[in-house]
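The primary structure of each chain is shown beneath.
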Amino acid sequence: DGGITQSPKYLFRKEGQNVTLSCEQNLNHDAMYWYRQDPGQGLRLIYYSQIVNDFQKGDIAEGYSVSREKKESFPLTVTSAQKNPTAFYLCASRTSGGGWNEQFFGPGTRLTVL
Amino acid sequence: EDQVTQSPEALRLQEGESSSLNCSYTVSGLRGLFWYRQDPGKGPEFLFTLYSAGEEKEKERLKATLTKKESFLHITAPKPEDSATYLCAVGPSNTGKLIFGQGTTLQVKP
Numbered sequence: 026d027g028g029i030t031q032s033p034k035y036l037f038r039k040e041g042q043n044v045t046l047s048c049e050q051n052l053n054h055d056a057m058y059w060y061r062q063d064p065g066q067g068l069r070l071i072y073y074s075q076i077v078n079d080f081q082k083g084d085i086a087e088g089y090s091v092s093r094e095k096k097e098s099f100p101l102t103v104t105s106a107q108k109n110p111t112a113f114y115l116c117a118s119r120t121s122g123g124g125w126n127e128q129f130f131g132p133g134t135r136l137t138v139l
Numbered sequence: 020e021d022q023v024t025q026s027p028e029a030l031r032l033q034e035g036e037s038s039s040l041n042c043s044y045t046v047s048g049l050r051g052l053f054w055y056r057q058d059p060g061k062g063p064e065f066l067f068t069l070y071s072a073g074e075e076k077e078k079e080r081l082k083a084t085l086t087k088k089e090s091f092l093h094i095t096a097p098k099p100e101d102s103a104t105y106l107c108a109v110g111p112s113n114t115g116k117l118i119f120g121q122g123t124t125l126q127v128k129p
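Chains as they are written, first to last, in this note's numbering: chain A, 26 to 139; chain D, 20 to 129.
None of these hints come from the bench; they were simulated from the model. Each residue gets a CB set at the ideal place from its N, CA and C atoms; glycine is no exception. Where hints are given, some of them may not hold.
Label-pair ranges, simulated between beta-carbon atoms [stated by the list, open to error]: (1) A:F37 - D:Q33: 29 to 35 Å; (2) A:T45 - D:E34: 20 to 26 Å; (3) A:A86 - D:P27: 27 to 33 Å; (4) D:S26 - A:S47: 31 to 37 Å; (5) A:T104 - D:Q33: 43 to 49 Å; (6) A:P33 - D:P59: 14 to 20 Å; (7) A:V77 - D:G35: 24 to 30 Å; (8) A:T104 - D:E100: 38 to 44 Å; (9) A:D84 - D:K87: 22 to 28 Å; (10) A:G41 - D:E75: 50 to 56 Å.
Bound conformation, chain D alone (with noise of 0.2 Å):
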């Protein structure tokens, strides 16, 4: 069964504290993993998408990576409008379907 799998589910830094949030996959076929940015009573924003392992992207403060079994969403230095739930998202061989992970909520206090 494709699945996966978010950790931690709530997550709180300091600002200027780095860590990294994990998504792990299981699935068949996997022919992209996607990162979003959501924020309370709002749509998810995209932020990146990984379609091989190895695959490594950049944008600001984060960074985003992809391995074989699971994917790491690193922040560095972050700041607190970097506060958000962030979403994992893969998408399995020909279902045009994404699989959901349930989120990390992020909060970064000053």
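With the rest of the complex left out, here is chain A (with noise of 0.2 Å):
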């Protein structure tokens, strides 16, 4: 089945610590997107990368890091300069060709910090 895969699905974190995030698609989709989620507010975009060996910041990408050496993979790095990391992380990917498509998304990475 294509899809997006997120893991883990729970990662527990010590300050001062830096972990990183997976996430693989078989959709063979050239834009892939990196989000967080708190409790009552929306998705805000932390980086997205639109072909391969290139990716932007998005709005709070400060205490982030990314690389997409692969079309199919677009890890996250939460480094120890993120100052309040403990969220719900969600990447998602969609075609780029002709027009505006959707993003689709994967099961989401719960992060807490110790």
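Hints are included, so try docking the two chains, each in its own frame, into the full complex.
Here it is in structure tokens:
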């Protein structure tokens, strides 16, 4: 089945540690996105990538880093510089050919800082 | 500034009681308006895309409509399994990004 996978589902981090969240898609989509979701708030864009080896900062990129070495993979690293990393993280992808197409989401990773 | 506002924040309905959710937007050049359903602890599930004013789309008990300033998600005779958070998002021109509203949490009681 085609889709987006995120791992792990739950992640616990000690203060001062960097952690990496995995996002893989087999939909052959060009564009990939990382969002953060906090209770009572909408999805906020962290980083996005429209082609391999290129990515742009979203609205809340501080304390996060990404890479896009392969079309199907877009890992997100939450660094120790992120002051309040506890949140639900969502990865999405979409095909970028012709017109505006919907984004499809993975199941999410819930990160908790201990 | 591009902005999306959803109302109400929360909605409680009895099973079979039809209602509508609102998504108001201000955006520089709308390229698409998207509706998603999100269950607790899960990723959003895509429902509809609307591209131009006057457009309507339906799926089971849900019907989405679009004007130049807002979109409505009409729920006809809802069932308890329709309980979820419904998210609206808009795609401004030439950015490759979506802007999301805060969502409406719907609870349908049997």
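Hints versus structure:
1. A:F37 - D:Q33: 29 to 35 Å: For F37 (chain A) and Q33 (chain D) the Cβ distance comes to about 40 Å; the hint is violated.
2. A:T45 - D:E34: 20 to 26 Å: Hint violated: Cβ distance 44 Å, outside 20 to 26 Å.
3. A:A86 - D:P27: 27 to 33 Å: For A86 (chain A) and P27 (chain D) the Cβ distance comes to about 32 Å; the hint holds.
4. D:S26 - A:S47: 31 to 37 Å: holds, 36 Å
5. A:T104 - D:Q33: 43 to 49 Å: Once the Cβ atoms are compared, 48 Å apart, the range 43 to 49 Å for Q33 (chain D) and T104 (chain A) holds.
6. A:P33 - D:P59: 14 to 20 Å: holds, 18 Å
7. A:V77 - D:G35: 24 to 30 Å: violated, 50 Å
8. A:T104 - D:E100: 38 to 44 Å: holds, 40 Å
9. A:D84 - D:K87: 22 to 28 Å: holds, 25 Å
10. A:G41 - D:E75: 50 to 56 Å: About 52 Å separates the Cβ atoms of G41 (chain A) and E75 (chain D), which means 50 to 56 Å holds.
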